[in-house]
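Enquirer: The task is simple: from the sequences and hints, build the whole structure.
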Amino acid sequence: MPIWDFIQTYGGQIVSGTLITCAQFLLASAVAVTVALVAGLGKLSRHLAVRGVATVYIEIFRGTSLLVQLYWIFFVLPLFGITLEKFWAGFLSVGLNVGAYGAELVRGAIRSVPKGQWEAAYALSMSPARRMRRIILPQAVQLMLPPWGNLLIELLKGTALVSLISVADLMFQAKQINASTFLSAQSFGIALVVYYVLARAILTPFMRWLERVMARRLGRA
Amino acid sequence: MTFNWNWAFTWEILPRLLHATVNTLLAAGIGYAIALVLGLLLALAQRTPWKPLTLVVRETIEFIRSTPLVLQIFFVFYVGPQFGIRLSPWVSGMIAIGLHYSAYLSEVYRAGIEAVPKGQWEACRAINMSTRDTYLRIIIPQALPPSVAGMGNYLVGIFKDTPMLSVIGVTELMHAANAIGSESYRFLEPYTLVGVIFLAISLPTAGLVRLFEGWVRRKLGL
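Residue numbers (our numbering), protein chains in the order written: chain W, 1 to 221; chain D, 1001 to 1222.
Since the hints were derived computationally from the structure, they do not count as laboratory data. There could be a bad hint or two in this list.
To be verified - Derived contacts from chain W toward chain D, CB cut-off under 8 Å, selection only:
| # | residue |
| --- | --- |
| 1 | G63 |
| 2 | S65 |
| 3 | W72 |
| 4 | F75 |
| 5 | K157 |
| 6 | N178 |
| 7 | S184 |
| 8 | F188 |
| 9 | Y196 |
| 10 | R200 |
| 11 | R208 |
Said to hold, decoys possible - Every beta carbon over 10 Å from chain D, so not counted as near; a handful from chain W, in silico:
| # | residue |
| --- | --- |
| 12 | G116 |
| 13 | W118 |
| 14 | L137 |
| 15 | G158 |
| 16 | M207 |
| 17 | L210 |
Remember, it's a predicted structure, so these values are computed and weren't measured experimentally. Ideal Cβ positions, reconstructed from N, Cα and C, are used throughout, including at glycine.
Expert: As structure tokens, then:
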């Protein structure tokens, strides 16, 4: 079957898969950013208990595989009475996994903000929360945006695993098409290209743009 | 609520899981060996004077790095038979994971090679060293130590990505846990044990990598 006919026949399926992948990506990113901020700040906390919880979360999610976490959340959590719909289990697992890596970025970036900035905020008698929000975090965000760009590409790739708990994402549709046509090169090849385009033509330029915006807002551009 | 950890069942399946762990380690080891060698080749291929090669290799690396490994595994496994080449799950799995990580490792090497001071290159030129000797005796030995941290991270990374090989039927840890789950309808113990085994291996390995990195740095007086 010529590639053009292939796209005409299965284009709809590929587009719907791509949309699900995008939805999974956006939701998982939201989870990852939130969790990374909380765990990253938690790891810098003065309270031993908070630091302990953050460390345990980070080490568990960085020390095991995303696939193991996904299966555990989808198959084992229900035994504890927490049943998640597969779509939810998908983006939550990916988000929690990437969030653990992100937490280290957050922690590293906050600690790289020059000491003078902390002292100046202290001298102005800002409350710790206000100091974090208005002085430290904006500068930390600018520092950690480039590594977050890479991490979000990892996250996009991670969403392909949700197909294994039958979320109908791009990877899942590619497998379906392959199973019914045996045109593996076409079905998997197109999926590879779509992932590449999402990562390189959309995600990377977006992160570059975000870096420029942040630099300008901090008056560094 | 059917949360009841069954210890008898745990001891029953543990040997089987540990047996599969050997395969997981084997897969990670072979994949890593492929990636180490292929990654170096990819890094060196970008340094030839012939620009088109550099460009093609660069784009290939970007492509491999920004597409999902699990999709690449499927691709390698299923596309072969379409053209009459049959690869076993192990062979295609090793090709896919080795290729994927070689793209990452080539970036580590590249950074290492670029960090070698320019004077080293000039000195090699001045004493009329061949390109081969320049790389083998001067550049690569200096490029490797700063790359140790990155290389170690990807060793842990490749280990944690081996469960994806279960999708094409490589009989590693995740595959064994899935099999146990579908035979016994018990998921709590196998999946939890898999998680524990992964933690038990990856945390000490990450620690060892850090120690080794420190040792290399001290050895070089950095």
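Enquirer: Now look at each hint and say whether the structure bears it out.
Expert: A quick look at each hint next to the structure:
1. G63: 4 Å, holds
2. S65: 4 Å, holds
3. W72: It holds, given that the least Cβ distance between W/W72 and chain D is near 5 Å, below 8 Å.
4. F75: 4 Å, holds
5. K157: With Cβ-Cβ at 4 Å, under 8 Å, it holds.
6. N178: This hint holds: W/N178 lies near chain D, its Cβ roughly 6 Å from the closest one there, short of 8 Å.
7. S184: Since the shortest Cβ distance to chain D is 4 Å, the answer is holds.
8. F188: 4 Å, holds
9. Y196: 5 Å, holds
10. R200: 6 Å, holds
11. R208: At 15 Å from the nearest chain D Cβ, W/R208 fails the 8 Å test, so the hint is violated.
12. G116: 28 Å, holds
13. W118: At roughly 28 Å from the nearest Cβ of chain D, W/W118 sits farther out than 10 Å, so the non-interface label holds.
14. L137: 27 Å, holds
15. G158: Its Cβ does come within 10 Å of chain D, the nearest being 8 Å, so this is violated.
16. M207: 13 Å, holds
17. L210: 18 Å, holds
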